[in-house]
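A.B. asks: Next come the chains, spelled out residue by residue.
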Amino acid sequence: MAIIETKDLTFRYEDADSDALCGVTLSIEEGSFTAILGHNGSGKSTFAKHLNAILLPSGGKVYVGGVDTADESRLFDVRKTAGMVFQNPDNQIVATVVEEDVAFACENMGLPQEEIRKRVDECLAAVGMSEYARHAPHLLSGGQKQRVAIAGVLAMRPRCIVMDEPTAMLDPSGRAEVIRAVQQLNRETGMTVILITHHMEEAALADRVIVMKQGKVALDGTPKQVFSQVDRLRELSLAAPQTVQLVHALDPAGTVLSPEALSVEECVGQLMKYLEA
Amino acid sequence: MLKDITLGQYFPGTSPLHRMDPRSKLLILILYIVTIFVVKGLFPYLICVLALITAVIISTIPPKMVLRSLRPILIIVLFTGLLNLFYTPGVELFHLWIFKITREGIATAAAMALRIILLVASTSLLTYTTSPMSLTDALENLLGPLKKIKAPVHEFAMMMSIALRFIPTLIEETNKIMSAQKARGADFESGNIFSRAKALVPVLVPLFVSAFRRAEELATAMECRLYHGGEGRTRLHSLHYGRVDLIAAILAVAVCGGAIALHILL
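As they're listed, the protein sequences go chains A and B.
Using this note's numbering, read the first sequence as starting at 1 and increasing by one per residue.
Using this note's numbering, read the second sequence as starting at 1001 and increasing by one per residue.
The set of hints was computed from the structure by calculation and includes no laboratory data.
Just so you know, even glycine gets a beta-carbon here, dropped at the ideal spot from N, CA and C.
A few of these clues could be false.
[Claimed, not checked] Computed footprint of chain A on chain B; a stretch qualifies when at least three of its residues, placed anywhere within it, have a C-beta under 8 Å from a C-beta of chain A:
#, stretch
1, 1125-1135
2, 1151-1164
3, 1216-1226
4, 1230-1242
Based on the provided sequences and hints, a complete structural model is requested.
C.D. replies: What follows is the structure in structure tokens.
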């Protein structure tokens, strides 16, 4: 079942000359892990902001969990269904103690105290930050802060979590931490994840990759289908993962090798085949 | 300079002072401040100083941290002390040109300096042992009755807690901008106070711009987490008075009452 559906979604920022999104029609399955890739200005962040009713469509419709995001009376239902994690962890942490920050959404929902306690403990455990419950957020590393921010969104018990470049401001180890937590969430709890990113390696971990360009969907498919189109990606000013590039460079026509080597192991397998041939 | 600002720095702990209800801490602090400004004379002050030292020991906060909180106010203390020293009329002890020192001047100067020191030290102790979030909860709760006359108590408390939350972030950012400007040849250390203040302009402008951007992002993030004002909000930690608070209240009333009684009697 589709949890998010957009129908001919169009959006133009005030004072802008052209549309940031022009006719995006997509449907995202519940429980899937979707990565949205695109160059700067491709409209990927604008798209993400529509899934949470931060922006409302200029034309077309967005349905989140079956609810039209333009319906103001259902705003909280939309935001409860699709939680949003932003790029800068510093600018989304409200409280001065980790557990109080995770509790923020539950407090706004007016939940009873025992329920808040339960959810806070659960969500901190889900992102592996339980031992930091009483810490001050500004003393944590970037990756840890971003995991706290994720826990803060999870506490609403959303069915879908939308992340707008959550790793853009992190160092490589922080990035790995966050991506591991996200993958685990998707696999273990069946949470729908929509990851906006410009790291190919992160997108390769998803079930589905959507590439956007100039407000339109340019490519859509499994990571293998998308990343094997090395030339098409170059046209979209994106670089395929290094493994794919290597295989492609060795055998551009794809006579011996299939350009679907996403992981290092697959790449090694392909190279062995090449050497034998 | 910037790392000395300790306002709003909370040191998590489990001492009785940490466990106390923030409302009682706040009320006791107000009582204490009133006391130090009401009393005069050696013995009442001695009681006040001893009470604060005892509180610091109980709190398990390193005394060094409390002393550090005093460093930024050193100039104010000296200034008030000197003013009082030279401008209090009374029995003259010493005279040089237009400066004269009186016995009353010495007493007032010492008292004023001590008052300011106690005021800042006791307030820092409160912020060291109380998370800013529970402090604003306490304020919101204590000022709750004002909601009836439509005073924006919740909004005020929220603004304050966010301001406190962003102090370390903005200090860190200021340091970063200062380093960036220094790397491009800015000079913050030499020159008189005016040229130094002027040198800070290229630090403050980017700092303000970024603060506004942060504010906008934070507002969006809060809305995404269903924030809609104080209506119908519940709390993870609700406030309740316990036995610790009762004992603290009795002690505080005894100490402050004792100091005031001594002041009246002597």
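A.B. asks: Compare the structure with each hint and give your call.
C.D. replies: Outcome of the hint check:
Here the stretch 1125-1135 of chain B counts 3 residues with a CB under 8 Å from a CB of chain A, which clears the bar of 3, and the coverage holds. Under a criterion of three residues with beta carbons nearer than 8 Å to beta carbons of chain A, the stated coverage of the stretch 1151-1164 of chain B is upheld, 3 such residues being counted. Here's how the stretch 1216-1226 of chain B fares: 9 of its residues keep a CB closer than 8 Å to some CB of chain A, so the rule of at least three is met and the hint holds. Coverage of a stretch by a chain is defined here by at least three residues with a beta carbon nearer than 8 Å to that chain's beta carbons; for the stretch 1230-1242 of chain B and chain A the count is 7, and the condition holds.
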